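A.B. asks: In order, the protein sequences belong to chains A and B.
In terms of my numbering, the first sequence opens at residue 1 and continues consecutively.
In terms of my numbering, the second sequence opens at residue 258 and continues consecutively.
Hints listed in this document are in silico derivations from the structure and should not be mistaken for laboratory results.
Because the structure is a prediction, the values reported are computed rather than measured.
Among the hints, a few may not be true.
[Said to hold, decoys possible] Think about it this way: if two alpha-carbon atoms lie no more than 27 Å apart in a straight line, the pair counts; the simulated DSSO-like pairs of lysine-lysine are:
id, chain 1, residue 1, chain 2, residue 2
1, B, Lys341, B, Lys415
2, B, Lys302, B, Lys292
3, A, Lys122, B, Lys389
4, B, Lys364, B, Lys389
5, B, Lys341, B, Lys259
6, A, Lys118, B, Lys389
7, A, Lys94, B, Lys389
8, A, Lys244, B, Lys292
9, A, Lys94, B, Lys397
10, A, Lys184, B, Lys415
11, A, Lys94, B, Lys314
12, B, Lys322, A, Lys198
13, A, Lys122, B, Lys397
14, B, Lys407, A, Lys160
15, A, Lys49, A, Lys2
16, B, Lys310, B, Lys389
17, B, Lys314, B, Lys292
18, B, Lys310, A, Lys49
19, A, Lys160, A, Lys122
20, A, Lys122, A, Lys84
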Amino acid sequence: MKRRDFLKNCIMVIAGASVPLSALTLVDPRKVLAANPDIQWAFLINTEKCVGCGFCVKACKTENDIPFEANVTRTWVERYVYTKDDRRYVDSPKGALYGYTESRVDLGRGEFKEIDPKNVGKAFFVPKLCNHCGTPPCTQVCPVGATYKTDDGVVLVDRKWCIGCGYCIMACPYAARFFHPVLKVADKCTFCYHRISKGLETACVNACPFGARRMGNIHDINDPVTQVIMNERVGVLKDEFGTKPQAFYIGLAQEVR
Amino acid sequence: MKSHVWRPLYVVIALVVGLLVFRFFYVPNDFGSGKRGFMYSFHRKSNAEEWKKQPVKYSVTGKQKMHEYCSECHGEEVKVRTEKLHGVIPCEDCHGPVLNHPEAPEKLDIDRSRELCLRCHTSLPYTTSERKRIPGIDPKGHNAGVQCVKCHNPHNPKLEDMK
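Chain A with its partners taken away, still in its complex shape:
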């Protein structure tokens, strides 16, 4: 053995022996995340529990001062009706602000379609709101830096700084944004930032009698909502857009987008 090889081997043995065994155990990412309780808000919607009462929409509009009768809303509920002869109908009159009190489907432009009850195959309701995407396209397009994603994962609009150009409204693939008819700025769901930062549930979660809407910290491994997202079959809307939506749906159908 040459002296060079001998020294090399000695150094390797010493270096290997100096690494304690504990450092070789695999790091559990769950434990690491649980140790650093940073908040990352996520929403969980159980479409199987929704009955389309629209209390969430009413509560949201009241809580956030959205003009009640105006045809804009931060959250809405859609109705999907599939008939047995394979036709699909979707509507959301006034965003379901007054719930679904009629069996006829609103086709838009003042036209309605009464569906024969015997012909109804399946029907369900889907609540929708801003997905607070991980990579939100709306904040990318803002020319003045008025909309942004906070460190805890909520996409907000700076009402003082917004110039109302509407780029973000067009950029959102989920049509979650609208033009505020009174303030003349872009407006959207804030996850009730004033409520969640005080430890309260959002207005829509609070108003839902059936627990169809839930909210949690997706970085907290012990959060019941995170548990559901990790362990059950959930889906997101328009995954192919690469927006990384943070609103997860249980019981999602292919037609729901």
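Put chain B on the given structure of chain A with help from the hints.
C.D. replies: Relative to the frame of chain A, chain B by itself:
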């Protein structure tokens, strides 16, 4: 280079400097990006605090702490009135948001309208939806125009217990 090149260049430089000076005074000092980087979170950082200052109108009456806020004063009443079927409905859905109650609105404005009940109790032929579990009526056929609360007790909706 000749002066016919320099002169417009001075104008351009003056415009750029002017723009930078204007920007220096106009853009707030706290403009910056958080840990999401420039692309997703270039913003006025004090804005998040402004959003947090919005008034909270609905208190905790929902699933998080069912009826807790109301129970602080109306304890016994809340207990009796929520042990029946409609106990899953947060008080504020019908009684309205409790902002500043009991000071400013001494009495809450209760929504007793027929439309409120019909949100859930309109009969829809959707056998696959959760709606099927809720008893429904035909709004046009079942005592049209009469408030539901005239006959039904909203806190104890069981038909057997009807007056």
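A.B. asks: Just to be careful, I want the Cα atoms of B/Lys341 and B/Lys259 compared with a cutoff of 27 Å; is the pair within it?
C.D. replies: With a Cα-Cα distance of about 92 Å, the restraint between B/Lys341 and B/Lys259 is violated, given a limit of 27 Å.
A.B. asks: Does A/Lys94 pair with B/Lys389 here, judged by a C-alpha cut-off of 27 Å?
C.D. replies: holds, 23 Å
A.B. asks: Compare the distance between the alpha carbons of A/Lys122 and B/Lys389 with 27 Å, and conclude whether the hinted pair is satisfied.
C.D. replies: Status holds; Cα separation ~12 Å.
A.B. asks: If you draw a straight line from the CA of A/Lys160 to the CA of A/Lys122, is it 27 Å or shorter?
C.D. replies: The hint is violated at about 46 Å.
A.B. asks: Going straight from one Cα to the other, do A/Lys94 and B/Lys397 come out at no more than 27 Å?
C.D. replies: Holds, at about 21 Å.
A.B. asks: Would the pair B/Lys364 and B/Lys389 pass a check requiring their Cα atoms to be no farther apart than 27 Å?
C.D. replies: violated, 35 Å
A.B. asks: Can you confirm whether the C-alpha distance between A/Lys118 and B/Lys389 stays at or below 27 Å?
C.D. replies: holds, 15 Å
A.B. asks: Against the 27 Å threshold, does the CA-CA distance of A/Lys122 and B/Lys397 hold or violate the hint?
C.D. replies: Measuring from Cα to Cα gives roughly 24 Å; hence the hint holds.
A.B. asks: Are the Cα positions of A/Lys244 and B/Lys292 separated by 27 Å at most?
C.D. replies: Between A/Lys244 and B/Lys292 the Cα gap is close to 17 Å, so the pair holds against 27 Å.
A.B. asks: Can you confirm whether the C-alpha distance between A/Lys122 and A/Lys84 stays at or below 27 Å?
C.D. replies: holds, 8 Å
A.B. asks: Compare the distance between the alpha carbons of B/Lys341 and B/Lys415 with 27 Å, and conclude whether the hinted pair is satisfied.
C.D. replies: holds, 8 Å
A.B. asks: Does the structure keep A/Lys49 and A/Lys2 at a Cα separation of 27 Å or less?
C.D. replies: violated, 75 Å
Comparing the model with each earlier hint shows violations of hints 4, 5, 10, 14, 15, 16, 17, 18 and 19; every other hint is respected.
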